[in-house]
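Number of protein chains: 2
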Amino acid sequence: MISSTRNLGRSCQRNSPFEGAVFVLTKCSACGSTFPIGDYDHLGEHYYKFAEESDMAHVMWLNRYITRKKTENAKALSKILSNYFDLGSGGLQKWIRLRFIERFYGSHPHPFVVALQHPTRATLLGYVLEHQHFLRQWVRSCSYIMAKTENTDVTMYELDNINTEFGGYSPERLSHYELLLRMGESLGIYRQKILSTEPLPDTKTSLKTWDELAKNEHWVETMTAMHGLELIADRTLRGDGAVMSYFDPVILNPKDREVTDATKDFLREGYEADVGHSKEALDLVEKYAKELNKTEDVQATFLKSINVFHRYLMARLQRAEQLESA
Amino acid sequence: MISSTRNLGRSCQRNSPFEGAVFVLTKCSACGSTFPIGDYDHLGEHYYKFAEESDMAHVMWLNRYITRKKTENAKALSKILSNYFDLGSGGLQKWIRLRFIERFYGSHPHPFVVALQHPTRATLLGYVLEHQHFLRQWVRSCSYIMAKTENTDVTMYELDNINTEFGGYSPERLSHYELLLRMGESLGIYRQKILSTEPLPDTKTSLKTWDELAKNEHWVETMTAMHGLELIADRTLRGDGAVMSYFDPVILNPKDREVTDATKDFLREGYEADVGHSKEALDLVEKYAKELNKTEDVQATFLKSINVFHRYLMARLQRAEQLESA
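Residue numbers (our numbering), protein chains in the order written: chain E, 2 to 327; chain G, 2 to 327.
Quick caveat, the hints were computed from the structure, so don't treat them as lab data. Small disclaimer: the values here were computed from a predicted structure and weren't measured. Careful: at least some of the hints might be erroneous.
No copy is singled out in the list; a pair is fine if it fits within one copy or between any two copies.
[To be verified] Listed next, the in silico DSS-like pairs over lysine-lysine satisfying Cα-Cα at most 27 Å (straight line):
| hint | residue 1 | residue 2 |
| --- | --- | --- |
| 1 | K209 | K265 |
| 2 | K288 | K194 |
| 3 | K80 | K95 |
| 4 | K205 | K70 |
| 5 | K280 | K256 |
| 6 | K95 | K280 |
| 7 | K216 | K50 |
| 8 | K80 | K256 |
| 9 | K280 | K295 |
| 10 | K205 | K50 |
| 11 | K265 | K80 |
| 12 | K288 | K216 |
The following block holds chain E by itself, in its conformation from the complex:
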């Protein structure tokens, strides 16, 4: 641990402890300092200085992503930061996948994912009640991408994605949103009840962060922020080291009665669609981030988004716990 988090009295307090310290490569949101892209020497000095002063936002970020141990000096920290953001031979997409795995599928898999392996009714209802709001924000975020891009391949990708997630193509190809609602109904909750249930505060805060990100940042960052999250259901992550998949695929087995058929229909959609979704989106991200010289912004925004996602997934669990104790 680089330093304690006692000294919270600086300018770094935000609504969320996750916000504020992630745009580190071009701008440190905690204090507004900016750095030329790739200037890890100054970035390291900057972080080291704030860590020495026990500044909360900087310390939390370092603890989460870089190291929990105090580094010898600024130079050593610069080196670690530089290594962390280095794309290596796999390029941006591989970097994104590995960071995602570390955060959700590493030695401490996300508790919601653990719960979803063989989900209880409450876990699934927690999913339904929070995720309906997530999907509506999803449409808004992806619409901002379409509103801002001038690239037809991006427009067409997002349009297809919104159709799949929210609009639906036909009675045979229902939207994920509709499948989610049907899963909820199959678990014994009326649609009207689902639709009229407000999101939990953590869900609300998360959606607000994504909304502001989509509104204010470059579309290629929004694209990474949103479609990077589809990796959650990408079963090919196992090949890159994920310790488990989103759920135990055995529950999709037609003979297995662990979950309802509508639950299988919903989970199967993600299981089949999200591999392609995230791959295609991240191909576009990689292409345009390079073309627009925004690779490092994209890395920083991606880290911000997965922090928000971590919190949002916890809200699903929190809802499940509320239902169980009711």
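Position chain G against the provided structure of chain E, taking the given hints into account.
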């Protein structure tokens, strides 16, 4: 004529003479003055004062929409303004239709519409070369509506509209964008040549205005600004007094050889789709403008948008003239 336009030295000069003076009911963009909704007494005084001073933006707006005659006093002008914005018994949608007819299908129909009755090859190519850019901006503008609204009926409407205009549903239901490009090809221009042709300056300026409007204004205003324009191909306007339709429908006749089949396919789509499109959108506009207490903003923004549209349609003709003289 209320006054001359000699005195141009004030703060009202903008990129476009049309911009700046149309948000009159809640805010006069020419000088920043604001008025309580419905306060026509002060609005009349305001306009009268600026007209007396020969201020360009105010005078142009009055000449175009209210009267070319000098009014006796501010009170008389207030009365005329109040009448102009009064919805009457037909409500907002009828008001929009009548204002649209006045501007494009009244005693001086728009020159592009006149040319399109029995179009030359150059007229149609002017349409293709400018309208490809319009449709791409269309997607961006409608995406802003989806990005900002929380109302599912609006989201679903816009999603369907973007699919129809740009995405396409299937090989049997091609997008209007694709049909437009095929019309261009049928007239002897390669697709690549079409796609690589930059818009004329007037088209570019118009698209920029719509883009900024969609970015900055409330979604219900953007919705009116964009879908109000679909009235151009709404043949039911004839019933409300339009002197002609968008084109002479005889040219769609399968036996008529005046235009290519691909031209018929493109024109037929608008002829059939835009009646429903504008009606459904304006139903939503009417509902939400009332609910959000934004009816007068919507009226002002609509007037701004049809001014921009007037100019954009002239750019199509300008392109046709360039092609004819080349």
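Indicate which option fits the pair K288, K216 if close means a Cα-Cα distance not exceeding 27 Å: within, between, both or neither. For K288 and K216, the Cα distance is within 27 Å both inside one copy (22 Å) and across copies (26 Å).
Between the shortest in-copy and the shortest cross-copy C-alpha distance, which are at most 27 Å for K80 and K95: within, between, both, or neither? within (21 Å within a copy, 67 Å between copies)
Between the shortest in-copy and the shortest cross-copy C-alpha distance, which are at most 27 Å for K288 and K194: within, between, both, or neither? between (43 Å within a copy, 25 Å between copies)
Is the C-alpha distance from K265 to K80 at most 27 Å within one copy, between copies, in both cases, or in neither? Neither: 47 Å inside a copy, 65 Å across copies.
Given identical chains, is K280 near K295, meaning Cα to Cα at most 27 Å, within a copy, between copies, both, or neither? within (19 Å within a copy, 42 Å between copies)
Is the C-alpha distance from K280 to K256 at most 27 Å within one copy, between copies, in both cases, or in neither? This pair counts as neither: shortest intra-copy Cα distance 31 Å, inter-copy 50 Å.
If the cutoff is 27 Å on CA atoms, where do K205 and K50 land: within, between, both or neither? Let me know, please. Neither, since 34 Å and 49 Å both go past 27 Å.
Between the shortest in-copy and the shortest cross-copy C-alpha distance, which are at most 27 Å for K95 and K280: within, between, both, or neither? within (10 Å within a copy, 48 Å between copies)
Classify it for me, K216 with K50: is the Cα-Cα distance of at most 27 Å met within a copy, between copies, both or neither? Neither: 32 Å inside a chain and 40 Å across chains, both beyond 27 Å.
Within, between, both or neither, where K209 and K265 count as close if Cα-Cα is 27 Å or less: neither (30 Å within a copy, 47 Å between copies)
With identical chains, the pair K205 and K70 could be close in the same copy or across copies; at 27 Å between alpha carbons, which is it: within, between, both, or neither? Answer is neither: 34 Å inside a copy and 56 Å across each miss the 27 Å cutoff.
Give the relationship of K80 and K256 under a CA distance limit of 27 Å: within one copy only, between copies only, both, or neither. For K80 and K256, the Cα distance exceeds 27 Å both inside one copy (53 Å) and across copies (76 Å).
When held up to the earlier numbered hints, the structure conflicts with 1, 4, 5, 7, 8, 10 and 11 and fits the remainder.
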